[in-house]
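In case you want the letters, here they are:
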Amino acid sequence: MTRYVMVADLRRCIGCQTCTAACKQANATPPGVQWRRVLDMEVGEYPDVRRVFVPTGCQHCADPPCEWVCPTTATRRRPDGVVQIVYDLCIGCSACAVACPYEARYKVEKREFAFGDQPTADEEMRANDSLIGVATKCTFCADIVDAGVARGLTPGEDPEATPACVNLCISGALAFGDIDDPQSRVSELLRNNKHFRMHEELGTNPGFYYLWDQEPS
Amino acid sequence: MTTTLTGSGAPRLQHNWDSRAACNFIGGGSGTGLLLAAAVAFASGSPYFLAGTLALALIAFGLSMVWLEIGRPLRALNVFFHPQTSWMSREALLALPVLALGTLAVVLDQPFVSLPFQGHLPVAVLASATAILGLGFLYCQARILYASKGVPAWSEPALQPVIIITGLAEGLGLLLMLTALDAQPPVWAVPAAIVALLARAGAWDHYRERLKRRAPAPAIAALNRISVPVHLLGHALPAVLLVCALLVPSAPALAAVAGLALAAVGAWIKFAVVTSAAFTQGFSIPFVPTRGLSHSATL
Numbered sequence: 001m002t003r004y005v006m007v008a009d010l011r012r013c014i015g016c017q018t019c020t021a022a023c024k025q026a027n028a029t030p031p032g033v034q035w036r037r038v039l040d041m042e043v044g045e046y047p048d049v050r051r052v053f054v055p056t057g058c059q060h061c062a063d064p065p066c067e068w069v070c071p072t073t074a075t076r077r078r079p080d081g082v083v084q085i086v087y088d089l090c091i092g093c094s095a096c097a098v099a100c101p102y103e104a105r106y107k108v109e110k111r112e113f114a115f116g117d118q119p120t121a122d123e124e125m126r127a128n129d130s131l132i133g134v135a136t137k138c139t140f141c142a143d144i145v146d147a148g149v150a151r152g153l154t155p156g157e158d159p160e161a162t163p164a165c166v167n168l169c170i171s172g173a174l175a176f177g178d179i180d181d182p183q184s185r186v187s188e189l190l191r192n193n194k195h196f197r198m199h200e201e202l203g204t205n206p207g208f209y210y211l212w213d214q215e216p217s
Numbered sequence: 001m002t003t004t005l006t007g008s009g010a011p012r013l014q015h016n017w018d019s020r021a022a023c024n025f026i027g028g029g030s031g032t033g034l035l036l037a038a039a040v041a042f043a044s045g046s047p048y049f050l051a052g053t054l055a056l057a058l059i060a061f062g063l064s065m066v067w068l069e070i071g072r073p074l075r076a077l078n079v080f081f082h083p084q085t086s087w088m089s090r091e092a093l094l095a096l097p098v099l100a101l102g103t104l105a106v107v108l109d110q111p112f113v114s115l116p117f118q119g120h121l122p123v124a125v126l127a128s129a130t131a132i133l134g135l136g137f138l139y140c141q142a143r144i145l146y147a148s149k150g151v152p153a154w155s156e157p158a159l160q161p162v163i164i165i166t167g168l169a170e171g172l173g174l175l176l177m178l179t180a181l182d183a184q185p186p187v188w189a190v191p192a193a194i195v196a197l198l199a200r201a202g203a204w205d206h207y208r209e210r211l212k213r214r215a216p217a218p219a220i221a222a223l224n225r226i227s228v229p230v231h232l233l234g235h236a237l238p239a240v241l242l243v244c245a246l247l248v249p250s251a252p253a254l255a256a257v258a259g260l261a262l263a264a265v266g267a268w269i270k271f272a273v274v275t276s277a278a279f280t281q282g283f284s285i286p287f288v289p290t291r292g293l294s295h296s297a298t299l
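Protein chains in written order, with the numbering used here: chain L, 1 to 217; chain Y, 1 to 299.
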């Protein structure tokens, strides 16, 4: 079996938001929509306060609450673990958005542009009306991954089969791959580092891991 | 051990569901509660026509508000595709027979035109079936909120009895108002309303108590702000009026005002839960990253 997951090394992330920009460029998301974003957090109390950057987005849960609640079957989990939305089925009820513990889903009611009332040339060229009025979210760049796999490439290793945010991360904080493959980069990272997942207590079995310390050797 | 963070990971008020969604829970709850009350009242001799009509109108109003909220209203029929796990699909599927059977019962009970099959038994059967299906519809609404894991104030299990009991109390309140217009309320209605308001007061307090363990502070504060007026206007006032109505049966206005308070405060509770208390849980991490010298940093 294959289960694609993402790994974020919190020790490496510097909060540069390059992943956010890469995602927006790759997916042409409108203003205010960030399928990949980096939370800028303060942890602790004075005088022991730390700043932590936490990349987040759809966690591609193995037991996704968004899928259970979707009344249309638009949200569905692929066998490789990618949670996807069939935009032509979605009615935009937002039940998935309120079911998601990770605030990963967005819905825009009308076309919006980054600069004023008129689209830029890129926005005009890449406008996609099928994304208006429906739920949208991170897809793990499934189209890129699928195309790469079809060409015999390895997701997480070959850039042409890897999500844009991982490819563009300047500090090497993000990794992607098949957690069921013990030889994959993500499996190696998880073996060698202490890690956790967000809101694990909710039982969603997220596919997004955070590294925070080395495993003792 | 988990630490909730401040800054961009803090809980925020969700805006995916707004007052239109709240109207569905208000209309659906009071409508199905009234369907049940009207069916029982019909069995005890009260007409079904007016109460049944109002109940169906409330349910239809709530559903139409949801229809206005969805992003792709022309695809609304897709809502029926996933009854295997989606309580929203189940709610929609139940709405069809509720509205169809309820309308049939109302038509057969209307006093204006003579129709075949009119009579007590057909209306009683149809009203009872509608009431039972309506209870299913109300349960679906409670489960829709419970399934919303992103909003702790909704996914708290103790909200389910609040939604169900509030719906029943609102229905009884509306029945008291309607029957007081031209006659005495059914003899069972006032004691039933007293039980319902006591149950609602208990469920409301239990829910808020449970919420303290898991909900973000702004959500708890939003509900605390309305709690005293909810108890005064929605429980204490109608309780006094209903006791007076028991003692002075010749003054149905007392029961009508109590019914109005029961219904209005029930709507207020649901509006506040769906709109003001709907904070996300935000983000939390159990560990912070170790940087520089290797040392364990556990929160």
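Calculated directly from the structure, the hints in this document are not laboratory data. Note that the structure is predicted; figures quoted are calculated from it, not measured. Cβ atoms here follow ideal geometry from the backbone N, Cα and C, with glycine treated the same way. Be aware that one or more of the hints could be misleading.
DEER-style ranges, computed between Cβ atoms [said to hold, decoys possible]:
hint	chain 1	residue 1	chain 2	residue 2	range
1	L	A62	Y	P191	49 to 57 Å
2	L	A28	Y	R213	37 to 45 Å
3	Y	Q184	L	S130	37 to 45 Å
4	L	E112	Y	V228	38 to 46 Å
5	L	V49	Y	V228	55 to 63 Å
6	Y	P73	L	E112	50 to 58 Å
7	Y	E209	L	N205	53 to 61 Å
Covered stretches of chain Y (chain L as the covering partner; in silico rule of three or more C-beta atoms under 8 Å from a C-beta of chain L) [to be verified]:
hint	segment
8	12-22
9	75-89
10	144-153
11	276-287
The hints, checked one at a time:
A hinted range of 49 to 57 Å for the beta carbons of A62/L and P191/Y is consistent with their spacing of about 51 Å. Checking the proposed 37 to 45 Å range against A28/L and R213/Y shows it holds: the Cβ atoms sit about 42 Å from each other. At roughly 59 Å, the beta carbons of Q184/Y and S130/L sit outside the given window of 37 to 45 Å. Remark: the range hint 38 to 46 Å for E112/L to V228/Y is upheld by a beta-carbon distance near 42 Å.
At about 37 Å, the CB distance of V49/L to V228/Y disagrees with the hint of 55 to 63 Å. The beta-carbon spacing between P73/Y and E112/L, approximately 20 Å, falls outside the hinted interval of 50 to 58 Å. Against the hinted window of 53 to 61 Å, the Cβ-Cβ separation of E209/Y and N205/L comes to about 30 Å, which falls outside the hint. Beta-carbon proximity to chain L at under 8 Å applies to 4 residues in the segment 12-22 of chain Y; the threshold of 3 is reached and the given coverage holds.
Given a C-beta distance limit of less than 8 Å, the hint that chain L covers the segment 75-89 of chain Y holds, as 12 residues qualify and 3 suffice. With 6 residues bearing a CB less than 8 Å from a CB of chain L, the segment 144-153 of chain Y meets the requirement of three and the coverage assertion stands. For the segment 276-287 of chain Y, the stated coverage by chain L is satisfied: 8 residues place a CB nearer than 8 Å to a CB of that chain, which reaches the threshold of 3.
Of the numbered hints stated above, those contradicted by the structure are hints 3, 5, 6 and 7, listed in ascending order.
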